[in-house]
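Below are the chains, spelled out letter by letter.
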Amino acid sequence: MVRLFFGFIGRRGFGLVDASADFFREISGLYYLTRSTLYCTFIEPLKGKPNKWGPVWTQMEEVGVKSSTIVFLVSFLIGVILAFQSAHQLNRLGALEFVGALVGVAILRELGPLMTALVMAGRVGAAFTAEMGTMKVSDEVLALETMALDPVKFLITPRFLALLIMLPCLTIMADLMGIFGGFLIGVTTLGIDPVVYVNNSLDAMEIKDVVTGLIKSGVFAVIIVMVGSYMAFIIEGGAEKVGQNTRTSVVVSMILVIVADLVFTSLFFFVF
Amino acid sequence: MIEIKNLKKSFGEGEKRLVVLDDFNAKMEKGQITSIIGGSGSGKSTVLKHLIGAYTPDSGEIWIDGEEVSQLKGEAANGVRKKFGIMFQSGALFNSLTVEDNVALPMREHTDLNESTIQIMVKMKLEMVGLRGAEHLKPAQLSGGMIKRIALARAIALDPKIVFYDEPSAGLDPISIGVIDKLIIGLSRKMGITSVVVTHEIPSAMRISDKIIMLFKGKIIASGSPEEIKNSNDPRVKQFIEGSPDGPIPFSKSQTDYGEELKEMNHF
Ligand SMILES: Nc1ncnc2c1ncn2[C@@H]1O[C@H](COP(=O)(O)OP(=O)(O)OP(=O)(O)O)[C@@H](O)[C@H]1O
Ligand SMILES: [Mg+2]
Numbered sequence: 155m156v157r158l159f160f161g162f163i164g165r166r167g168f169g170l171v172d173a174s175a176d177f178f179r180e181i182s183g184l185y186y187l188t189r190s191t192l193y194c195t196f197i198e199p200l201k202g203k204p205n206k207w208g209p210v211w212t213q214m215e216e217v218g219v220k221s222s223t224i225v226f227l228v229s230f231l232i233g234v235i236l237a238f239q240s241a242h243q244l245n246r247l248g249a250l251e252f253v254g255a256l257v258g259v260a261i262l263r264e265l266g267p268l269m270t271a272l273v274m275a276g277r278v279g280a281a282f283t284a285e286m287g288t289m290k291v292s293d294e295v296l297a298l299e300t301m302a303l304d305p306v307k308f309l310i311t312p313r314f315l316a317l318l319i320m321l322p323c324l325t326i327m328a329d330l331m332g333i334f335g336g337f338l339i340g341v342t343t344l345g346i347d348p349v350v351y352v353n354n355s356l357d358a359m360e361i362k363d364v365v366t367g368l369i370k371s372g373v374f375a376v377i378i379v380m381v382g383s384y385m386a387f388i389i390e391g392g393a394e395k396v397g398q399n400t401r402t403s404v405v406v407s408m409i410l411v412i413v414a415d416l417v418f419t420s421l422f423f424f425v426f
Numbered sequence: 010m011i012e013i014k015n016l017k018k019s020f021g022e023g024e025k026r027l028v029v030l031d032d033f034n035a036k037m038e039k040g041q042i043t044s045i046i047g048g049s050g051s052g053k054s055t056v057l058k059h060l061i062g063a064y065t066p067d068s069g070e071i072w073i074d075g076e077e078v079s080q081l082k083g084e085a086a087n088g089v090r091k092k093f094g095i096m097f098q099s100g101a102l103f104n105s106l107t108v109e110d111n112v113a114l115p116m117r118e119h120t121d122l123n124e125s126t127i128q129i130m131v132k133m134k135l136e137m138v139g140l141r142g143a144e145h146l147k148p149a150q151l152s153g154g155m156i157k158r159i160a161l162a163r164a165i166a167l168d169p170k171i172v173f174y175d176e177p178s179a180g181l182d183p184i185s186i187g188v189i190d191k192l193i194i195g196l197s198r199k200m201g202i203t204s205v206v207v208t209h210e211i212p213s214a215m216r217i218s219d220k221i222i223m224l225f226k227g228k229i230i231a232s233g234s235p236e237e238i239k240n241s242n243d244p245r246v247k248q249f250i251e252g253s254p255d256g257p258i259p260f261s262k263s264q265t266d267y268g269e270e271l272k273e274m275n276h277f
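The listed protein sequences derive, respectively, from chains V and X.
Going by the working numbering, the first sequence runs without a break in its numbering and finishes at 426.
Going by the working numbering, the second sequence runs without a break in its numbering and finishes at 277.
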């Protein structure tokens, strides 16, 4: 896929046919892996092969709990920055007390889910590719297969479930931290009355803002896990490839997260 | 019994195409130990990877217990895979799991045994390879030889009918080689396990094998009992067994003439 991104720029002209063939091969590979992951995760348990929750807990701790500090920090600072940036403009309109409303809505609808997903794509997506890619090159994935164990069920499913649960949770907490960051600046540096600030915020924010944010973060979770896993599973050869694909995995999942964000935002724009 | 018929496999395309196996035929009898020997890169591991279903042959057939397995997929392939254990050249232990969990994994996934029974069985397998007491170490904390032995313990965890060994004794000290050899012989004699051993170690292959197959450039150049191989008149077989640097088997893998290639490079 990345070959396409660079291919388009670098080899425009003669490489175009090649590049688009590659592109569609990667897309269909990603599609099939996603399909079998969804099957393993949601359909097979119904057929009497329940998921094991032990590995899911481990992964939830790995991807969720251990990412919370950085997610909190980033979103808190985003809240602070937003408050400062919007204060200047709103002040000119004489609407300084609406800083809370602006910060709240921006964080809930957009920045909370997006920033959390981007941080996680860098932190967790990279780790997924590196871990599973190393397993691929050291024949561990093959060993699983020869033990009649499905690598998808064994390696991807726990990570998939863990991130699908943890990313929305982290998003909610990031929302709270961001709003708190804005509030702190609003009532101290900007000198807005706390009651007014809170009232204005609550008036502006709607429950559907939270819900659309959470729907988006679920989609982002799927993107991060699937790109991370796919980039690991296509590795053939040596350790050098693991490094390359880890980088690719982060770049691709960040781009896809933003594209998906655009798609869903415009969808919600027209539907709601 | 395992039977391989007219197996062909090549990697790469066009200019870079490399024929790794060319018309490979072999029979591995039930309960016997068959060794595949041959130089580095002659295609030994590739044969094993076909047997375990990791590669699909370009053409040819693989029969295991009267079933053609080379084209099987999904559940059908898993059914066949449950019959055998494999010890990989690199060990391929799961790095995130302890030794105990590595050996216990196939038991936990494929049997209904309770946890305490599994722990006893893991202890038994580890005792067989002489590593009882290493249960709680991670693979990164093991030496190369220990990794091999744990990999062997994991391969026989479910008491399979067939075991494939890829270089079981490479990189081991002579005593450990003796132990592993004895183990392989014991497994096949006492439990009737069919063994396929890929190896470089000629003395070890001579000791344990019922039958030796020698590969050279993807073709079988000799096959028979250790005695027959020892007494073979084929200069290539002789050279390999004696390990002499001069002979019909070239050390260099290159296809082009060395002098010519150097001359070519002089053009700038
Ligand atoms: N997946 C692959 N893609 C391309 N070439 C391959 C692949 N696997 C093996 N080969 C090539 O096939 C040849 C035989 O490899 P194989 O691993 O079977 O050798 P081997 O006999 O096991 O050697 P060794 O004793 O060093 O383990 C080598 O030249 C190798 O480069
Ligand atoms: Mg090999």
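If you are wondering where the hints come from, they were derived from the structure by calculation, not from laboratory data.
Be careful, since some hints might not be right.
Below, a list of computed lysine to any residue pairs in the SDA-like style, where the Cα atoms sit at most 25 angstroms apart [unchecked claim]:
1) Lys147(X) x Glu216(V)
2) Lys203(V) x Lys58(X)
3) Lys58(X) x Phe196(V)
4) Lys91(X) x Gly202(V)
5) Lys307(V) x Lys239(X)
6) Lys82(X) x Arg189(V)
7) Lys307(V) x Glu24(X)
8) Lys91(X) x Pro204(V)
9) Lys82(X) x Glu216(V)
10) Lys82(X) x Leu303(V)
11) Lys206(V) x Lys247(X)
12) Lys92(X) x Glu216(V)
13) Lys307(V) x Glu176(X)
14) Lys92(X) x Leu296(V)
15) Lys82(X) x Ile326(V)
16) Lys307(V) x Gly50(X)
17) Lys91(X) x Asn205(V)
18) Lys201(V) x Asn123(X)
19) Lys17(X) x Ser190(V)
20) Lys220(V) x Ile326(V)
21) Lys206(V) x Pro183(X)
22) Lys206(V) x Lys147(X)
23) Lys203(V) x Thr126(X)
24) Lys91(X) x Gly392(V)
25) Lys82(X) x Lys220(V)
26) Lys395(V) x Glu24(X)
27) Lys82(X) x Ser190(V)
28) Lys307(V) x Lys17(X)
29) Lys395(V) x Gly50(X)
30) Lys91(X) x Ala302(V)
31) Lys206(V) x Asp121(X)
32) Lys206(V) x Ser54(X)
33) Lys58(X) x Asn205(V)
34) Lys147(X) x Glu285(V)
35) Lys82(X) x Thr188(V)
36) Lys91(X) x Phe308(V)
37) Lys92(X) x Glu176(X)
38) Lys239(X) x Ile165(X)
Just pull the numbers of the violated hints for me, sorted ascending. 2, 3, 5, 7, 9, 11, 12, 13, 15, 16, 19, 21, 24, 25, 28, 32, 33 and 38
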